[in-house]
Amino acid sequence: MSGTGSALNANDTDVGGPTSIDGSLSFNGVDSIASTIAPKLDTSNDGDACTWYAEGICSRPRSCFDCLNVVIQGQKCTVSPFGECTNSYMISSDGGYPMTNYTYCPADDAACSACRAEWTRDHAMGTHVSTTAKCIGQSGCICLAACEMPDRDDRIVDDWCIPAIDGSNFRLVAGLVAGTIVVFVLAMVLARRQLARRSRREAETREARNASRIVLRESRRPSASAHLPPLTLSGWAGMRENLVSNERVLLEGGSTSTKPTLTRSSATLPSTDVEEGEGYHLMSPTGQLTTRETEV
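Residues 12 to 307 (the working numbering) make up the sequence shown, in order.
Hints are not guaranteed to be accurate.
Cβ pair distances, simulated, as ranges [to be verified]:
1) Val200 x Thr131: 57 to 65 Å
2) Ala60 x Arg182: 12 to 20 Å
3) Arg182 x Arg208: 34 to 42 Å
4) Gly106 x Asp57: 23 to 31 Å
5) Arg211 x Gln84: 58 to 66 Å
6) Arg228 x Ala248: 29 to 37 Å
7) His134 x Gln84: 32 to 40 Å
Calculated directly from the structure, the hints in this document are not laboratory data.
Idealized CB from N, CA, C, for every residue including glycine.
With the hints as extra help, turn the sequences into a complete structure.
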């Protein structure tokens with residue numbers, strides 16, 4: 012790729028040592044890039060990080076100019092070969108452009124403006140532009156094709172963030188996640204209370220059942236009959252007294268009852284043929300009765 016000023020070939024991706032150079036020298040077909048360390052600016056926002064501006068996570072990536080020219084306290088930022096501003100420890104030692112060794116060209120730098128125009132034109136025409144293409148501007152500053160592409164910010168967001176979680180959508184998703192967690196916690200609390208209430212009811216029912224069993228068992232014990240009122244057996248007592256009295260009279264020789272006697276009936280008994288004795292002759296029932304009385 013050719014251009015006015017200090018455009019480099021697309022294949023020149025290696026970064027050279029920290030040797031200073033002066034003026035607006037032209038580099039064509041060189042194998043390395045010398046660096047110029049310009050005075051750095053202090054950041055005006057303490058919330059900035061190497062990759063994102065304050066309150067701009069997943070929505071506002073820091074520009075390559077701010078990455079190399081604006082100091083963030085406690086951080087050493089580096090522009091990766093793909094145009095992303097990140098912390099130096101995330102870049103290998105042989106890649107990237109650390110702010111301690113390089114400065115980025117301002118927008119009005121003539122050499123960088125020419126390179127930017129050519130890269131933008133090629134991109135609009137559908138011509139492939141290598142993301143590692145770079146130019147040297149006035150005073151030795153650098154500009155990178157990866158940093159000057161129109162879709163640079165969107166590409167960084169896509170690479171670093173989950174889709175649809177940028178800007179206000181990030182807050183919306185965070186709110187939904189927090190709400191889901193709250194609902195889950197409330198559901199767990201209610202479920203535990205319900206289980207505790209059910210366990211308490213079961214315990215009360217079990218205690219009542221045990222108490223009723225104890226009462227029933229106590230009522231079936233023999234000792235429980237001692238607390239019952241005595242039975243009034245008046246009829247049995249009277250009969251017992253009569254029996255005792257009769258026994259006493261019998262022991263003393265008296266009689267309280269009439270002995271049963273046989274009475275002769277005047278009715279004529281029908282004659283019955285009964286054989287009797289050795290000769291076996293007929294005997295009437297009356298004669299038989301007389302004979303029995305004589306024997307007695």
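For each hint, the structure was consulted:
no.: 1; hint: Val200 x Thr131: 57 to 65 Å; in the structure: holds (59 Å)
no.: 2; hint: Ala60 x Arg182: 12 to 20 Å; in the structure: holds (18 Å)
no.: 3; hint: Arg182 x Arg208: 34 to 42 Å; in the structure: holds (39 Å)
no.: 4; hint: Gly106 x Asp57: 23 to 31 Å; in the structure: holds (29 Å)
no.: 5; hint: Arg211 x Gln84: 58 to 66 Å; in the structure: holds (60 Å)
no.: 6; hint: Arg228 x Ala248: 29 to 37 Å; in the structure: holds (35 Å)
no.: 7; hint: His134 x Gln84: 32 to 40 Å; in the structure: holds (36 Å)
The structure meets every hint from the earlier list without exception.
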